[in-house]
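A.B. asks: Residues per chain, in single letters:
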Amino acid sequence: MSLLLEPELTTIAPVALAVHVRNLCYRYPDGTEALHDISLQIGEGEKVALVGPNGAGKSTLLLHLNGVLRCTSGSVQIGSTTLSDATIRTIRAQVGMVFQDPDDQLFSPTVFDDVAFGPLHMGLPEAEVRQRVAWALEQVDMAGFERRMPHHLSVGQRKRIAVATVLSMHPAILALDEPSAGLDPRARRGLVELLNRLPQAMLVSTHDMRLVQEVFPRMVILAQGRIAADGPSRELLADGALLEQYGLERP
Amino acid sequence: MTTSFLDRYIDRQSPVHGLDGRVKLLLTLGYILALALLPPGNWLAYAACAGLLWWAISRAQLPLRTILARSIVALPFALVAVSVVFTRPGLPLFSLPLGFATLTATDAGLILFASILLKSWLSVQAALLLTATTHFFDLLAALRALHLPPILVAILSFAYRYMFVLVEEAQRLLRARDCRSATLPGQRSGGSIAWRAAVVGRMVGTLFLRSYERSERIYVAMLSRGYNGNMHTLTPRRLTPTEQGLLVVGLALLTGITTLSFFM
Amino acid sequence: MQSLTDLLVFALHVPDGFLNAPVALLWWVLTVAVLAVAVRKTSGSLNERQIPLMGVMAAFIFAAQMLNFPVLGGTSGHLLGGALAALLLGPWAGMLVMACVVGLQALLFQDGGLLAMGANIFNMGILTAAVGYWLGTPLLRLFGGKPWGLVVTGFVAAWVSVMVAAIACSLQLALSGVPAGVVFPAMLFVHAFIGVGEGLITLAALTFIVSTRPDLVTTLTSYLDPTTTRRPVDGRTVGLVTLVGLLCAVGAAFISPLASGDPDGLERVAEDQGFLDRALDAPFSILPDYTIPGLDGNASTIIAGIVGLLIVFALAYGIAMLIRSRRQAAEEERSAPRPATGER
Ligand SMILES: Nc1ncnc2c1ncn2[C@@H]1O[C@H](COP(=O)(O)OP(=O)(O)OP(=O)(O)O)[C@@H](O)[C@H]1O
Ligand SMILES: [Mg+2]
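Protein chains in written order, with numbering that gives the first Met the number 0: chain V, 0 to 250; chain W, 0 to 263; chain Y, 0 to 343.
Only chain V is shown next, with the shape it has when bound in the complex (with noise of 0.2 Å):
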């Protein structure tokens, strides 16, 4: 594969990273082999897409990165902090995680307490908790939400609240797992520009080629739980064979 990246070659290149995995691999207790020898780094501020087929292990890896899944090998380092038993927390604070369906991760029954959960949790003053609240869905243009219930809203403003959820924690990493499945044009369209908007690094896991292009500079396809590419996302998505060989559509 050409297109790796060859760690030799960053580890020149003085760029600060974000995330650091090192050959991560990780088998299920059931026995399934989920991810192999995984290595991957993504700068500071850098959006990742993470592509490939049902079952490649997109879910699977963003969980390593804050350590709801702990490598059977491997390491991940988060700035410059190696995850392990002893910086787990300060890891959980540190990368936002997402998860597909919004009513998992909304699991209070106010907007607010669900916005709150995170740096309440962290142990911040409660002033600045409500500031943080306040901030969070601003950002992601639900100011007034607070005392709705999660199930008296749509699917793409659940959707928001869930990105609100972790950017109340301040996090300098996002991980986002298939944020645009389900959603209409329209609240599609306002989460292209929440992402484009947002500063955080992000490694955010899709299958809708389009919102790669719009937003993603750089794009990873992992199939049969190993990276199989690695790039640009505008060369990767103009190898019509490459998409092809994958599943993946063009855009």
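Hint data in this document are derived by calculation from the structure and do not stem from the laboratory. Predicted, not measured: the structure shown is a model, and the values here were computed from it. Careful, some of the hints might be misleading.
[Claimed, not checked] To be clear about the criterion: a stretch of chain W counts as covered by chain Y if any three or more of its residues have a C-beta under 8 Å from a C-beta of chain Y, and this derived list gives those stretches:
no. : stretch
1   : 24-37
2   : 74-86
3   : 110-120
4   : 152-165
5   : 206-216
[Stated by the list, open to error] What follows is a list of derived Cβ distance ranges for each label pair:
no. : chain 1 : residue 1 : chain 2 : residue 2 : range
6   : Y       : 147       : W       : 178       : 28 to 34 Å
7   : W       : 101       : Y       : 31        : 42 to 48 Å
8   : V       : 125       : W       : 42        : 48 to 54 Å
9   : W       : 64        : V       : 53        : 52 to 58 Å
10  : V       : 15        : Y       : 39        : 48 to 54 Å
11  : Y       : 21        : W       : 75        : 22 to 28 Å
12  : W       : 75        : Y       : 220       : 37 to 43 Å
Cβ atoms here follow ideal geometry from the backbone N, Cα and C, with glycine treated the same way.
Chain V is fixed; fit chains W and Y with the ligands onto it per the hints.
C.D. replies: Then chains W and Y with the ligands, alone, in the frame of chain V:
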């Protein structure tokens, strides 16, 4: 799915809507307890209680008619209590010959029965007033502030959040069953009772598995946001002097009515 | 549209007004005491997963209560869920979950009163879970991991749990002044049928869950695995369960008429005027109107209650013993070790 027809009124602006959940919850409980303590047949005290409640309902800008109509939910239960009419010792009023036996109604029995119905009717209205003017999450905050164990508050809060999600899943399961179990006209609809029960049992099982898996995903989402086994919440705000005053006056009034009723 | 049994299920959701204040408060005290133990037991178990699990399970029970099936003439069978919750989650978590379901129903839908909530939680949350688990697991052990053991257990535990809840509910009503001679037979009669629906759904759900995801039912694994339950049944467990059951039964039977809440012989009036027992005769031919002819009102209600409950327990115990001896005989026949698989 919405919780109930009451959702329509919950976002109105009124003095009652604006009150803290704790005040409303305590006053409602106090009211229902006071009613339960009133001796049977104490019509004046009942009238006073009804007056208080209806005043509050009008202050809350709720349509009294809707509340009254809705408050008959407890009525089926009167079937169980109607027997007191004929068993309570007292002056015989009238008899119902039933062929094999004669039921004799007594005055004390009738009074007791009417009192039970009245109390029940008013209690349901009080509970309706509470539900119609208080968001459930405000009630949860009130329960938390009143020191209900945090684990119960947490369960209630998850239960409330996911009730809607799971009821929708249950309805999907029911629809799927009803689509597949269409019968030809003139034919008996499918299966023995045991078979139908087994179908529902499998639906319950499916729903359980989905719920279980969902709870695991929720747990992961909580972990990702720093959950470590304790649920943290904001500290409740202090009651305003007006709210404190209202609470004291309300409870004193109820105590007064109850005490007086024993001397009447 | 509500069908008849939907209304009858209300029969356990006592609204406010029907229990008098001392009874309602007494049961609040009992409920708070038991729930305090349950809170301690569940939060002590270091298991932080429990909180979202129990919360979603409460929502699950709530939703599962909506799933119903048509029975006869417009009535429908559905689930209360206490026994199921306890068998799936363990007794204490089951109680908390059911308590929250009952609380939610009262607070959101006025389904059951607020002052009466203590009694309602006790009946539908605590008792059903306790009976479901502490009757269910010894039964499972008796059956030694046989697949149909789960079927019988699911049905019996669920049916008895509903009956016990109905007995407790009747007791509270009787203590509040509703004539015991009316409320006990009426409630027990109705719930004997409701219990069948509960039992059928519970057994079907349990067998489905255990066959698809046995790993989830951690509370039951040790009772379902034939290899661990091969050893002779613990006679003490059976004895203890029987004893506790009998004590409860006898206790309930004694209290009910004595406690009918009226010193001036409410009960006697009913008996003297002689209408109620006759009015309710027909469906209860074995123990007519819960009383035995020729005895004075209270004594006869007590005895009838005890006899009825003894019959229920004797039946359950007899069946269990029968199965147990059959199984032991079968095991002695082939002393060769049985493959642990192929059982399910
Ligand atoms: N909890 C689990 N236990 C066992 N195996 C799992 C589990 N979750 C996922 N897998 C397996 O791991 C592999 C990767 O799954 P993953 O969910 O990461 O894929 P994905 O790329 O996110 O797919 P999708 O596009 O469908 O979301 C799959 O083979 C899947 O079956
Ligand atoms: Mg995925």
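A.B. asks: Could you run down the list of hints and mark each one as holding or not?
C.D. replies: Verification of the supplied hints:
1. 24-37: holds (count 7)
2. 74-86: holds (count 8)
3. 110-120: That given contact holds, which follows from 7 residues of the stretch 110-120 of chain W lying within Cβ reach (below 8 Å) of chain Y.
4. 152-165: holds (count 12)
5. 206-216: holds (count 8)
6. 147/Y with 178/W: 28 to 34 Å: 32 Å, holds
7. 101/W with 31/Y: 42 to 48 Å: Once the Cβ atoms are compared, 45 Å apart, the range 42 to 48 Å for residue 31/Y and residue 101/W holds.
8. 125/V with 42/W: 48 to 54 Å: Holds: the Cβ-Cβ distance is about 51 Å, inside 48 to 54 Å.
9. 64/W with 53/V: 52 to 58 Å: 55 Å, holds
10. 15/V with 39/Y: 48 to 54 Å: At roughly 49 Å between Cβ atoms, residue 39/Y and residue 15/V fall inside 48 to 54 Å, so the hint holds.
11. 21/Y with 75/W: 22 to 28 Å: About 25 Å separates the Cβ atoms of residue 21/Y and residue 75/W, which means 22 to 28 Å holds.
12. 75/W with 220/Y: 37 to 43 Å: 42 Å, holds
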